[in-house]
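Put chains B, C, D and E on the given structure of chain A with help from the hints.
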Amino acid sequence: MLLAKVIGNLWATKKQSSLQGLRFLIVQPINRHFNSTSDLIVAADPIGAGVGEYVIVAFGRAARTTIGRGHEIAYQTAIVGIVDKFTIEDKEYALD
Amino acid sequence: MLLAKVIGNLWATKKQSSLQGLRFLIVQPINRHFNSTSDLIVAADPIGAGVGEYVIVAFGRAARTTIGRGHEIAYQTAIVGIVDKFTIEDKEYALD
Amino acid sequence: MLLAKVIGNLWATKKQSSLQGLRFLIVQPINRHFNSTSDLIVAADPIGAGVGEYVIVAFGRAARTTIGRGHEIAYQTAIVGIVDKFTIEDKEYALD
Amino acid sequence: MLLAKVIGNLWATKKQSSLQGLRFLIVQPINRHFNSTSDLIVAADPIGAGVGEYVIVAFGRAARTTIGRGHEIAYQTAIVGIVDKFTIEDKEYALD
Amino acid sequence: MLLAKVIGNLWATKKQSSLQGLRFLIVQPINRHFNSTSDLIVAADPIGAGVGEYVIVAFGRAARTTIGRGHEIAYQTAIVGIVDKFTIEDKEYALD
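Residue numbers (our numbering), protein chains in the order written: chain A, 1 to 96; chain B, 1 to 96; chain C, 1 to 96; chain D, 1 to 96; chain E, 1 to 96.
Hints are computed from structural coordinates only; laboratory data are not their basis. One or more of the hints may lead you astray.
A pair counts as met if it fits within one copy or between any two copies, since identical chains are not told apart.
[As the list claims (entries may be wrong)] Distance condition first, Cα-Cα at most 27 Å in a straight line; then the derived DSSO-like pairs of lysine-lysine:
#1 K91 / K14
#2 K14 / K85
#3 K91 / K5
#4 K85 / K5
Excised from the complex, chain A in its bound form (with noise of 0.2 Å):
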């Protein structure tokens, strides 16, 4: 699982057919200094989470489990859980 912060929404009209139903969110892993430069990852989003939120962002069965679909579906990676509050290194980053 990744610490990762929503950055934008994305749109596929043509995709297998069990991508339907949830959106799909672009997300930015993080690292300790905040600039990673990481490869997007498209995340499905069962949870309702938005654009600037930090989330925990699973892959493989994990995602599968959090969409409730069984495991024959296209869906690879989802968002699992809205980030609160974390701590790295004494400081801490709150949600507003």
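Only chains B, C, D and E this time, still in chain A's reference frame:
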């Protein structure tokens, strides 16, 4: 799942027998500055994407489900959706 | 499995229902120069680690086995051991 | 699946018992500038690739399916196809 | 599977109960310039490798198969072979 851009095609005559009948695309993952130099991914394309398009790429079970030939196949990676539009920090990117 | 250092805590009220009852820790993977800027990992902690400790982090099935609630859970990552001591090229690092 | 170039061979006498009868190749993943310094991958080769060739490398279930000895094996990575030709942004790369 | 060098040992008294009876090694993945600064991997060693040796490291099912205690274990990573010799672009590296 990754946000990626289709940047090329790939042909392989000599391959595992299940790898028949689907085109291979070369895709470049995207970072927030659009200058990723990550390693290139080879994805099967059951959706019908073309060079220059942005796509959602998935790995493992999600890829195999999208391909729809069961789980005893040699495919590990597939395009699961073609992106119409996405936003990154309020900037919008739309397909032509 | 990765060698990582626990650098923070994380709280998430809104989350998949199986993600209850275990603390989330933020962990920083370690490279040989101890200056890794890799993306931060969120790990469930069924072992009892604390900030400042070095830990072994595992993903997927190994993480779920450590958590011990079966495989239909939304956890993908867990601390599976707390490090007492390690050596890197003959230099020894021991917990206080 | 990754686009990679075979850059070497590897021999290991002392190994898990299922790792018999297939050659190990060392492969270098490729980025768009052909200057990747990613970590080197060890792949089993059931296809018959040689040093200098471009290949498709797969991990996990796709690799095991290609090897064809069931799923209780110690192989995690295999060459699943030998590349004849690929294009990257309209430039064509063909095997000699 | 990765080509890696064993660079240290690791001890963890407090750990998931299945993580008993196998030594933990710290391994450094290798890139083509032998200067990788990738994050360090903790691998179980059922094969008998030592510090300074080059090894093949595998993850997930391949690691568990090598460990040979079924799939309900907390191990995710194992050494599956000890390298006798390898070549990279015609240069040969042999164990002493």
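Hint by hint, here is what the structure shows:
1. K91 / K14: Only across copies: K91 and K14 sit 22 Å apart there, 43 Å inside one copy, limit 27 Å.
2. K14 / K85: between (37 Å within a copy, 12 Å between copies)
3. K91 / K5: both (17 Å within a copy, 16 Å between copies)
4. K85 / K5: Both ways: K85 and K5 sit 13 Å apart in one copy and 19 Å across, limit 27 Å.
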